[in-house]
Amino acid sequence: EAGVAQSPRYKIIEKRQSVAFWCNPISGHATLYWYQQILGQGPKLLIQFQNNGVVDDSQLPKDRFSAERLKGVDSTLKIQPAKLEDSAVYLCASSAAGYTEAFFGQGTRLTVV
Amino acid sequence: RKEVEQDPGPFNVPEGATVAFNCTYSNSASQSFFWYRQDCRKEPKLLMSVYSSGNEDGRFTAQLNRASQYISLLIRDSKLSDSATYLCVVTEFGSSNTGKLIFGQGTTLQVKP
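Residue numbers (the working numbering), protein chains in the order written: chain C, 14 to 126; chain D, 2 to 114.
Some hints here could point you the wrong way.
To be verified - With a straight-line Cα cutoff of 27 Å, these simulated DSS-like cross-link-like pairs (lysine-lysine) come out:
hint: 1; chain 1: C; residue 1: 75; chain 2: C; residue 2: 96
hint: 2; chain 1: C; residue 1: 24; chain 2: D; residue 2: 3
hint: 3; chain 1: C; residue 1: 28; chain 2: D; residue 2: 43
hint: 4; chain 1: C; residue 1: 57; chain 2: D; residue 2: 43
hint: 5; chain 1: D; residue 1: 113; chain 2: D; residue 2: 80
hint: 6; chain 1: C; residue 1: 24; chain 2: D; residue 2: 113
hint: 7; chain 1: D; residue 1: 43; chain 2: D; residue 2: 80
hint: 8; chain 1: C; residue 1: 24; chain 2: C; residue 2: 96
hint: 9; chain 1: C; residue 1: 28; chain 2: C; residue 2: 91
hint: 10; chain 1: C; residue 1: 96; chain 2: C; residue 2: 57
hint: 11; chain 1: D; residue 1: 46; chain 2: D; residue 2: 80
hint: 12; chain 1: C; residue 1: 91; chain 2: D; residue 2: 46
hint: 13; chain 1: C; residue 1: 96; chain 2: D; residue 2: 43
hint: 14; chain 1: C; residue 1: 57; chain 2: C; residue 2: 24
hint: 15; chain 1: C; residue 1: 28; chain 2: C; residue 2: 75
hint: 16; chain 1: C; residue 1: 91; chain 2: C; residue 2: 75
hint: 17; chain 1: C; residue 1: 91; chain 2: C; residue 2: 57
hint: 18; chain 1: C; residue 1: 84; chain 2: C; residue 2: 28
hint: 19; chain 1: D; residue 1: 3; chain 2: C; residue 2: 96
hint: 20; chain 1: C; residue 1: 75; chain 2: C; residue 2: 24
hint: 21; chain 1: D; residue 1: 3; chain 2: C; residue 2: 57
hint: 22; chain 1: C; residue 1: 24; chain 2: C; residue 2: 91
hint: 23; chain 1: D; residue 1: 113; chain 2: D; residue 2: 43
hint: 24; chain 1: C; residue 1: 57; chain 2: C; residue 2: 75
hint: 25; chain 1: D; residue 1: 46; chain 2: C; residue 2: 57
hint: 26; chain 1: D; residue 1: 113; chain 2: D; residue 2: 46
hint: 27; chain 1: D; residue 1: 3; chain 2: C; residue 2: 75
hint: 28; chain 1: C; residue 1: 91; chain 2: D; residue 2: 43
hint: 29; chain 1: D; residue 1: 3; chain 2: D; residue 2: 43
hint: 30; chain 1: C; residue 1: 84; chain 2: C; residue 2: 57
hint: 31; chain 1: C; residue 1: 28; chain 2: C; residue 2: 57
hint: 32; chain 1: D; residue 1: 46; chain 2: D; residue 2: 3
To be verified - Computed footprint of chain C on chain D, listed as stretches where at least three residues anywhere in the stretch have a Cβ under 8 Å from a Cβ of chain C:
hint: 33; stretch: 28 to 37
hint: 34; stretch: 43 to 54
hint: 35; stretch: 81 to 94
hint: 36; stretch: 102 to 113
Said to hold, decoys possible - Below, a sample of chain C positions facing chain D; criterion: calculated Cβ distance under 10 Å:
hint: 37; residue: 17
hint: 38; residue: 48
hint: 39; residue: 63
hint: 40; residue: 104
FYI, nobody ran anything at the bench for these hints, they're computed from the structure.
Idealized CB from N, CA, C, for every residue including glycine.
Same shape as in the complex, but just chain D:
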């Protein structure tokens, strides 16, 4: 089983649509959770951190369910500029107690006019 699994996509949605991405992780001891965005042929950049209580940033809402080891990202009122790959990221801690960032394979979103 992969450490971090995401919906493979691609998701093709019209402008204005609401779209949700899911992510599951295998290590119940994981501590930190993030969503990164990666544009075509660019480096990943942090979109938002994910907190236990859930958090919102404008049109984006992230939620964490520790019991189910599940993370989600909801995008409301999709814009053309939201077209990108969304990467789910989980921090695992090793024996040295230093965290490492584990990435999912990414979900591609294409927003169409």
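Chain C on its own, in the form it takes in the complex:
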């Protein structure tokens, strides 16, 4: 079974630039999560989708972050403009339902300079 696919694996940008991350969840998984993990901390939920609807985006900095999950499958997360404090690993995960085991992609390591 194919896992969660994410791209790119690494990205270095200058502050105030824009960046986008892509995620393809496990086939059939209705729930998709985007997490931000800063070095030394646990993953922090940014946004959760159930199919193509947003379930929770309470911790998403909406002035600069946006995410969409068109057709309830792939998802993109965008940051515009980026700040130095956005340097982190962005993890995408999917699960069959919102209370079951989540499977993670390898993440995108973002460095903002």
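Once you have looked at the hints, place chain D on chain C.
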């Protein structure tokens, strides 16, 4: 108060030692509980689910105390390969009745020869 709190660690133990990690959660309505393992620069992966009656998987034992809102993970006969960060995860349900996974900050274990 953080939604999910863990011992900060790091825990440095010799091979063969028994080590225990603790985790507390703030939302008494939380439904599902998990321990995830995260190796350095890798994505989190499910170690085990935590059931009300307690459960064991080889050298690993997880326990849940709903009254105290407390979860534990016990590792017996530690191996070098157990060195990793252990993340406590709790599912909370929002107004849409869709669960979301909330992670603790993680506890780092270093097993030494």
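>> So, against the hints stated earlier in the document, which numbers end up violated here?
In response: 2, 6 and 18
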